[in-house]
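**Student:** In case you want the letters, here they are:
Number of protein chains: 4
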Amino acid sequence: MKKLKMAMIGGGVGAFIGKIHREAVRMDGGVEVVAGMFNRDPSQNAEIAERIGVTPDRTYPTWQALVAGEAALADRADFIAVCTPNHLHYPIAKASLEAGFHVMCEKPMTLTVEEANEIADLVKRTKRVFGLMHTYTGYPMVKLARDLVKRGDLGKICKVTVEYCQGSFRKMDFSVPLDKRNKWKMDPKCSGKSCCMGDIGIHAANLVEFVTGLEIRQVLADLSSFVAPKGLDDDGNVLLRLSGGAKGVLTASKIATGEENGLRLRVYGDKKGLVWMQEDPNVLRLRAQREPEQTWKRANPYVAEVSEASMRASRPPAGHPEGYIEGFANHYLNFCDAIRAVDAGKRPTPSMLDFPNARDGVRGLRFIDAVVASSKAGGVWTRL
Amino acid sequence: MKKLKMAMIGGGVGAFIGKIHREAVRMDGGVEVVAGMFNRDPSQNAEIAERIGVTPDRTYPTWQALVAGEAALADRADFIAVCTPNHLHYPIAKASLEAGFHVMCEKPMTLTVEEANEIADLVKRTKRVFGLMHTYTGYPMVKLARDLVKRGDLGKICKVTVEYCQGSFRKMDFSVPLDKRNKWKMDPKCSGKSCCMGDIGIHAANLVEFVTGLEIRQVLADLSSFVAPKGLDDDGNVLLRLSGGAKGVLTASKIATGEENGLRLRVYGDKKGLVWMQEDPNVLRLRAQREPEQTWKRANPYVAEVSEASMRASRPPAGHPEGYIEGFANHYLNFCDAIRAVDAGKRPTPSMLDFPNARDGVRGLRFIDAVVASSKAGGVWTRL
Amino acid sequence: MKKLKMAMIGGGVGAFIGKIHREAVRMDGGVEVVAGMFNRDPSQNAEIAERIGVTPDRTYPTWQALVAGEAALADRADFIAVCTPNHLHYPIAKASLEAGFHVMCEKPMTLTVEEANEIADLVKRTKRVFGLMHTYTGYPMVKLARDLVKRGDLGKICKVTVEYCQGSFRKMDFSVPLDKRNKWKMDPKCSGKSCCMGDIGIHAANLVEFVTGLEIRQVLADLSSFVAPKGLDDDGNVLLRLSGGAKGVLTASKIATGEENGLRLRVYGDKKGLVWMQEDPNVLRLRAQREPEQTWKRANPYVAEVSEASMRASRPPAGHPEGYIEGFANHYLNFCDAIRAVDAGKRPTPSMLDFPNARDGVRGLRFIDAVVASSKAGGVWTRL
Amino acid sequence: MKKLKMAMIGGGVGAFIGKIHREAVRMDGGVEVVAGMFNRDPSQNAEIAERIGVTPDRTYPTWQALVAGEAALADRADFIAVCTPNHLHYPIAKASLEAGFHVMCEKPMTLTVEEANEIADLVKRTKRVFGLMHTYTGYPMVKLARDLVKRGDLGKICKVTVEYCQGSFRKMDFSVPLDKRNKWKMDPKCSGKSCCMGDIGIHAANLVEFVTGLEIRQVLADLSSFVAPKGLDDDGNVLLRLSGGAKGVLTASKIATGEENGLRLRVYGDKKGLVWMQEDPNVLRLRAQREPEQTWKRANPYVAEVSEASMRASRPPAGHPEGYIEGFANHYLNFCDAIRAVDAGKRPTPSMLDFPNARDGVRGLRFIDAVVASSKAGGVWTRL
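Chains as they are written, first to last, in my numbering: chain Z, 1 to 384; chain W, 1 to 384; chain C, 1 to 384; chain E, 1 to 384.
These are calculated hints, taken from the structure and not from any lab test. Misleading hints may appear alongside valid ones.
One copy or any two copies: either way a pair holds, since identical chains are not told apart in the list.
As a list, the in silico SDA-like pairs of lysine to any residue whose alpha-carbon atoms are at most 20 Å apart [what the hints assert, rightly or not]:
| id | residue 1 | residue 2 |
| --- | --- | --- |
| 1 | 124 | 61 |
| 2 | 271 | 229 |
| 3 | 2 | 73 |
| 4 | 5 | 32 |
| 5 | 19 | 52 |
| 6 | 183 | 225 |
Please model the entire structure based on the sequences and the hints provided.
**Tutor:** So, in structure tokens, the structure goes:
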């Protein structure tokens with residue numbers, strides 16, 4: 001198996017998500033980080049490079065330099081991972097694709113729907129592999145959930161409730177300047193027009209569409225700003241209408257005191273209902289009206305009967321918990337297999353393509369646009 | 001302690017809630033059922049009477065006969081429990097109050113806001129004790145939740161999520177005539193303008209107001225009819241705006257496949273958040289941002305420090321679970337103490353008055369009115 | 001249905017279990033407390049009598065007076081409930097049976113195996129109905145567990161782990177005189193030769209035999225006295241060997257800091273395993289090796305298919321929790337039906353006889369004897 | 001940070017634990033697998049080597065060849081990971097240490113106490129860093145548990161219950177030849193004198209000593225063979241006596257139908273009690289008698305106040321679960337830091353040495369010896 005070469009933009013000193021990308025990408029041994037532009041500060045940039053074994057000649061001072069520099073090398077990186085603040089996703093993804101790199105990009109894909117459409121078109125035109133890091137669909141039991149729905153076990157989907165509750169803003173003191181990691185998130189020019197919905201509501205929306213196979217068609221939103229500066233939303237409640245007639249509720253919050261990373265999904269079909277919770281990710285609960293509730297557990301033979309994708313995303317045997325980093329790693333596994341196929345001139349199989357992509361990116365931006373518009377209008381049904 | 005005499009209307013053969021009323025009322029030994037009109041069918045009426053020890057002379061063929069008959073007795077019933085289908089709550093409550101009886105009434109109090117206001121006025125005028133059976137506020141840990149909020153432990157309340165999910169309609173076959181117990185629930189003339197919201201959404205709304213001490217000021221609802229006949233709502237998602245600036249989501253469903261009686265409340269203040277779930281009623285979870293999550297358990301000394309009401313509502317010691325019937329019984333305990341006080345010419349203490357009353361009844365009907373109106377208008381913010 | 005008349009001995013001011021007996025016995029409406037000897041202190045005795053509606057003429061100063069007095073009445077009590085400290089169980093039960101009363105007795109049945117055998121013989125001879133209040137087998141899901149084992153769902157039982165952990169002694173100050181409720185429990189003349197095993201270990205042993213249908217044949221015990229006075233056991237760990245070759249562990253403790261009433265049972269057969277926990281009593285978990293874990297919930301149709309006894313022990317519908325008092329009440333329900341049958345000259349059906357009896361009482365005393373002997377001998381296998 | 005070179009023995013095609021070692025060791029980027037002897041079958045050996053990027057010249061046909069070959073290289077491996085069947089641990093560890101390699105060894109360290117003592121002596125003499133893969137003490141919340149006990153939060157430890165329940169043997173058909181992965185585990189010459197206790201009971205014992213800081217001084221065991229061939233134990237119940245007067249129970253099983261990897265620990269001190277469960281590893285429950293139960297969650301500031309080791313073992317922020325592979329990785333992190341220190345001629349800090357070592361290996365073998373001897377003698381207290 002060919003080891004792929006990765007270049008990373010962002011993920012420097014103090015960054016949370018870039019470090020996770022590296023831990024995840026290393027775990028399965030198929031990728032090597034060979035180049036990077038981690039921090040704008042030169043000494044921090046060098047520090048990270050050294051720590052993770054990137055040589056100085058491939059440690060670049062700007063993302064533009066990285067794209068250009070790598071493009072010029074014979075031994076160039078196979079793909080570029082974009083772990084920067086949101087507003088840089090678009091220009092970097094664009095430049096990288098145009099320079100012929102495959103791209104793994106943090107969410108949201110861009111700041112606007114227009115940019116998102118442009119990236120999606122560019123991916124098609126350049127025939128590059130493009131991944132979007134909606135981590136949570138990388139969990140084995142989320143893949144199982146999707147495959148149970150697909151197989152028809154839940155019947156026709158009628159109702160969805162999804163929430164993504166955090167209390168993180170309760171720990172922050174907005175009366176003093178924020179640290180670097182949080183500052184850009186409070187600046188719409190960097191983070192986009194929504195704070196809470198753009199950061200975590202978008203994951204909840206993505207999870208709903210992934211598991212149900214349905215599209216969120218209309219939203220009616222009530223966004224709030226309890227503590228965030230400049231009227232940025234730090235909480236929101238959204239009514240959902242999905243394709244096929246299903247309805248639902250999405251709630252996301254940064255001010256839900258005491259919550260850590262409470263992403264929870266329930267899907268009710270006319271035959272069965274399911275429950276998945278990110279903080280207890282190794283199980284999936286399945287309920288019918290006249291049967292005992294079932295707790296499906298990761299990596300069991302009965303999972304294998306339904307979902308090859310779930311098993312492929314499982315490392316240790318049943319009973320040995322997996323977590324967040326493994327969810328990340330699962331997306332990278334498929335993403336890299338797809339790159340290997342494309343680079344070998346082959347068509348990636350559907351199972352290789354089981355990771356979030358530019359289409360999810362467009363959906364996400366349309367979701368943000370719609371909830372912000374709906375809420376601004378005082379709460380009106382708004383199409384995605 | 002004077003044993004009170006209760007007359008019961010409804011609660012006959014095949015009825016669920018009337019039996020619970022009797023089990024609850026008996027448990028603490030302060031009430032005796034002395035009269036009843038249980039079923040319209042004379043033989044069923046007699047059967048229940050005999051089973052529970054009501055003598056034939058006080059087994060009445062109609063509710064009108066009961067009210068009149070008991071009113072004429074020297075040894076007349078102290079209060080009347082109304083456990084009939086919804087449309088009879090109003091006339092029976094009215095007649096009972098006017099005849100000088102105290103009343104314990106099933107929810108919803110009436111079919112319309114107008115009727116509800118009328119009952120509330122009548123209660124004031126007649127100075128009778130009026131209880132409304134919103135069972136769930138009778139649970140000890142719900143009383144604790146309220147008292148924690150009241151004491152300020154949660155800080156300023158910002159967000160509420162409440163749900164009441166059942167899958168009961170998934171077990172029913174709507175293509176054939178329904179059994180007696182369900183038939184009237186599908187007839188708006190008997191059950192009121194809302195099915196799901198009127199039956200269970202109303203409990204969720206009551207629970208929110210009880211625990212937070214806030215009023216639901218505006219709702220924006222999306223009601224659905226997935227399987228119920230005649231376009232009756234069997235599911236609904238509602239955005240909430242509460243007094244004091246808090247926001248929230250309420251979701252209720254009869255088609256949430258696999259759910260049994262999933263009433264769950266979360267309240268987030270700016271200091272702490274709490275979680276209570278009816279199916280695990282003996283604990284209350286309390287969470288802050290920089291402290292371990294706390295699980296408060298029923299009948300402990302640390303509960304007593306916060307909530308005398310919670311302790312008063314606890315029978316066996318900590319670790320010995322209590323349930324639904326005990327929740328009922330707790331309302332009856334306070335209700336009966338209030339009757340004893342009033343009948344002795346005293347003013348009931350606040351702790352005696354800790355049961356749902358006619359004001360809750362008015363609030364409930366206004367909630368139903370508002371959600372139905374909001375949804376019919378296609379989803380607009382509607383004041384209660 | 002004939003209302004039975006109950007006389008109660010014990011259960012006075014400050015007593016915990018007597019009050020539970022009354023709450024339980026009232027709930028289903030089939031029993032009336034007509035006589036009592038509640039406290040030795042006359043004023044407390046009168047106080048309880050008045051509170052619960054027992055007339056002064058049937059409020060007796062001693063248990064002997066009660067047995068004699070009631071025996072002499074035409075309208076005499078149907079059965080006597082014995083809720084006294086342990087050492088009085090034997091003489092009262094004996095006298096009551098000899099006077100022709102049916103008896104419901106708190107556990108342990110007596111202080112010694114010899115006494116226990118005598119009561120068991122007397123029950124046979126007098127043909128009276130004798131119930132022993134091992135509460136926990138009254139829970140609906142425990143009855144289901146037994147019936148699943150009986151039906152063969154678990155296959156051949158191989159292993160059992162049972163624990164009954166409390167931390168109650170951690171709250172007590174043994175350096176000062178204990179209150180009345182705890183004092184006799186620390187006096188072997190009143191409570192018997194074992195404190196922890198006699199009080200709660202005996203429930204764990206009873207639960208094992210009830211659910212598995214097997215007998216504990218041999219024990220090997222290590223009892224400890226961490227804080228209890230006079231070397232009384234406040235903790236114990238016991239190896240079990242059961243009939244049919246199954247093995248197990250039983251652990252009971254009064255010094256398990258932070259535990260409330262942690263009675264938990266696991267049974268492993270060669271086909272399935274089950275888990276039941278008293279603090280979460282409305283569910284039963286069932287696990288097989290190649291299937292999703294199942295959570296069986298009280299009062300569902302799939303429960304009814306296996307266990308008529310479980311359904312008979314269920315009051316409100318699924319999703320509405322029941323608790324400890326209801327467990328008590330279930331034993332009384334069957335016990336009273338058996339009395340009605342016997343008094344009508346009929347043979348009670350097996351379902352009426354589904355409550356703990358004198359045989360369980362003998363087994364319990366043999367268990368206490370064996371664990372104390374085993375531990376005293378330094379840990380040797382000892383037959384029951 | 002210097003990247004360490006690892007040579008691996010074992011962990012070939014079809015092996016479970018070797019793959020986990022590689023995933024774990026890669027995650028944090030500080031180790032590179034440079035050499036290996038994975039399978040005795042040459043083609044499988046080559047297959048794994050190629051898959052993980054080990055060059056043919058450093059893919060060895062035997063472990064002896066690997067030790068000798070690497071020892072002869074200038075660029076030799078820094079340490080050797082021993083992931084073979086049990087009987088090879090001793091000779092490989094011995095040869096590796098003697099050849100100057102640091103060693104990470106799977107448990108049990110050897111087959112006998114004598115061999116274990118020899119390895120422990122050799123580690124001292126050679127001054128090599130020796131790690132033993134008792135994975136479970138690598139979990140962050142287990143480190144927190146230890147540090148809470150050490151800080152005195154639990155007070156004096158009185159009681160311990162630990163269990164390690166699996167149902168894996170229920171899936172196996174012992175009437176046909178076993179597959180390679182299981183075959184050696186049923187051969188005492190390869191796996192040692194105990195099957196269940198040697199494989200998993202040993203983890204439970206290690207966990208107890210790690211968290212409590214106490215030594216298991218005496219055991220009294222009842223081992224069983226329900227389905228395993230040749231009378232090998234597949235289940236066992238053990239009474240424990242620990243230093244300082246604490247007592248406990250340890251139960252381990254391979255025939256606990258429906259269990260996956262049920263390692264669960266409870267420790268009761270005279271102030272508090274704690275609960276940790278491997279299948280829910282990101283939380284630690286802490287209970288006192290007069291306080292709400294606390295759920296401590298990974299990577300929070302209140303954890304940091306108690307346990308620097310727990311934080312160091314945490315990668316993603318609170319609310320983002322970690323699992324089994326991360327537990328492995330944590331041991332490797334410290335082990336590698338210790339190697340770097342030793343190789344730089346420095347003394348490793350205590351925090352670097354926070355991984356299981358040869359002393360744990362000796363304790364483990366003594367535990368196995370004692371439980372087997374105790375059970376064979378029919379259940380007698382046996383010193384470790």
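**Student:** All the hints need checking, so say for each whether the structure fits it.
**Tutor:** For each hint, the structure was consulted:
Neither within a single protomer nor between protomers do residue 124 and residue 61 lie at most 20 Å apart by alpha-carbon distance, with minima of 30 Å and 48 Å respectively. Taking CA atoms no more than 20 Å apart as the test, residue 271 paired with residue 229 passes between copies only; the shortest distance there is 19 Å, against 45 Å inside one copy. Taking identical chains as interchangeable, the C-alpha atoms of residue 2 and residue 73 lie at most 20 Å apart only when both belong to the same chain, with a minimum of 18 Å there against 27 Å between chains. In this assembly of identical chains, the alpha carbons of residue 5 and residue 32 lie at most 20 Å apart whether taken from the same copy (5 Å) or from different copies (16 Å).
In this assembly of identical chains, residue 19 and residue 52 lie within 20 Å of each other by CA distance solely inside one copy; the values are 10 Å within and 22 Å between copies. In this assembly of identical chains, the alpha carbons of residue 183 and residue 225 lie at most 20 Å apart only when taken from the same copy (16 Å versus 46 Å across copies).
The earlier numbered hint that this structure contradicts is number 1, and it is the only one.
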